[in-house]
Amino acid sequence: MIRKTLTPERARAILEAYGAEPARWPAAERRAMRRALKGDADLQAAAREMAALDAVLATDRPGRDVPALEARILAAAPAPAAVSNPFASRRQIPAFAAAAALMVGSLAGFGGALVSPQASDPAADVIANAFANPDAVFEIELDAEV
Amino acid sequence: MSAHTPRLMALARRMLRDEAEAEDVVQESFIRLWRMAPNWRSGKARLSTWMHRVALNLCYDRLRKARPVDEEAPDIADDADGPAQALHQNQLSARVHSAIQNLPPRQRAAIALCHFEEMSNIEAAEILEISVEAVESLLSRARRALKASLAAEAGAWMERMEP
Chain A
12 MIRKTLTPER ARAILEAYGA EPARWPAAER RAMRRALKGD ADLQAAAREM AALDAVLATD
72 RPGRDVPALE ARILAAAPAP AAVSNPFASR RQIPAFAAAA ALMVGSLAGF GGALVSPQAS
132 DPAADVIANA FANPDAVFEI ELDAEV
Chain B
55 MSAHTPRLMA LARRMLRDEA EAEDVVQESF IRLWRMAPNW RSGKARLSTW MHRVALNLCY
115 DRLRKARPVD EEAPDIADDA DGPAQALHQN QLSARVHSAI QNLPPRQRAA IALCHFEEMS
175 NIEAAEILEI SVEAVESLLS RARRALKASL AAEAGAWMER MEP
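Line order of the protein sequences matches chains A and B.
Position in the first sequence counted from 1, then plus 11, gives you this note's numbering.
Position in the second sequence counted from 1, then plus 54, gives you this note's numbering.
Note that these hints are calculated values from the structure, not bench results.
This one's a predicted model, so the numbers in the text were calculated from it and none came from an experiment.
Positions of the beta carbon are idealized from the N, C-alpha and C atoms, including for glycine.
Any given hint might turn out to be false.
Claimed, not checked - Per label pair, the in silico range of CB-to-CB distance:
hint: 1; chain 1: A; residue 1: 82; chain 2: B; residue 2: 119; range: 25 to 31 Å
hint: 2; chain 1: B; residue 1: 187; chain 2: A; residue 2: 59; range: 24 to 30 Å
hint: 3; chain 1: B; residue 1: 202; chain 2: A; residue 2: 83; range: 35 to 41 Å
Throw the hints in and build the complete structure from the sequences for me.
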C-alpha cells in the first residue's frame with residue numbers, strides 16, 4: 012500500500028485553508044495530514060493557532076430553529092395556475108398538494124404518512140424522493156433557472 | 055425540508071446582512087425547487103448542491119442590487135441584565151459575524167460552505183462553479199482575513215487554553 016506523504020508546505024496550506032479540524036481537511040489527504048502533524052512541532056504550533064481561530068468562528072451560530080420560516084415557505088408554495096412547467100394545469104394540483112403534504116408531514120415528524128394517494132405525479136414523486144433521500148442524485152440542470 | 059432549511063438559512067444569513075432578506079432567499083429557493091422538480095431525472099446532482107447554488111446565486115443578486123452599508127458591527131442583543139458570560143458570548147458572536155460579513159462575497163461563500171456547513175471542497179467547488187484549487191484559495195484568503203480581524207479574540211482563546 013502506498014502511503015501518501017505531504018510536504019510541509021502542503022500541510023501548512025491545508026491548515027491555512029481548512030483550519031485545524033481534521034473533518035474539514037480534504038478526505039484524500041486527511042491520513043497523511045495526521046501523520047505530518049505528529050512529527051512536526053512547527054506544524055503543531057500552526058495547528059494550535061488555527062484551532063484558536065476555529066474556536067472563535069464557532070461562536071457565530073445562526074439559529075437552527077426555523078419552523079416559522081418553514082411554515083411561511085409552505086404557505087407560499089406556488090399556486091398551481093401560476094406555475095409554468097411541462098405538466099398540464101390539472102396535473103399540477105395533486106403534485107404541489109402532495110409535495111406540500113409531504114413537507115408538512117416531515118415538519119410534524121411523520122414524513123410520507125401524509126402524502127395523498129394522488130402523489131403519483133412525477134413532480135411530487137421527485138420532491139418526495141429528494142427529501143426522503145438527501146444523498147440521492149438527480150439529473151438537474153444546475154444552471155437552469157439559477 | 056427540515057434537513058435543508060436550516061442549512062440554506064445559515065448560508066443566506068452569512069451572505070446577507072438582513073435576516074428578512076435571508077428568509078426571502080430561502081423561500082425563493084424552495085419555490086424554484088417546486089418549479090424545477092418536474093424536469094429532474096435520476097443521475098447527476100444532489101438536491102442539496104442544486105439548492106445551495108440557487109440560494110447562493112439569489113444572495114449574489116441581492117448583494118449586487120444592495121446599496122452600500124456601513125461597516126458597523128451588528129446590533130448586540132441587550133443582555134445587560136443577564137450573566138456576564140452571556141453578554142461576552144453575544145459580543146464575541148457579533149464581532150465574529152461582523153468579520154465574516156466584511157469578507158468579499160466569494161470568500162464569504164467559500165467559508166460558509168466549507169467551514170460552517172462542513173461541505174467537502176469538491177461539493178463547494180460545484181456550488182461555486184470553480185475548481186477545487188480555487189475554493190482552497192478563497193478559503194485561505196478568507197481565513198487569513200478573519201485571523202487578522204479576530205486576532206485579539208483568537209489570542210485570548212489561546213491564552214485560556216495554554217497551561
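Each hint tested on the structure:
For the hinted restraint 25 to 31 Å between residue 82 of chain A and residue 119 of chain B, the CB-CB distance of approximately 27 Å keeps it satisfied. A beta carbon spacing of about 26 Å between residue 187 of chain B and residue 59 of chain A agrees with the range 24 to 30 Å that was offered as a hint. With their beta carbons about 38 Å apart, residue 202 of chain B and residue 83 of chain A fall inside the hinted range of 35 to 41 Å.
Comparing the model with each earlier hint shows no violations; every hint is respected.
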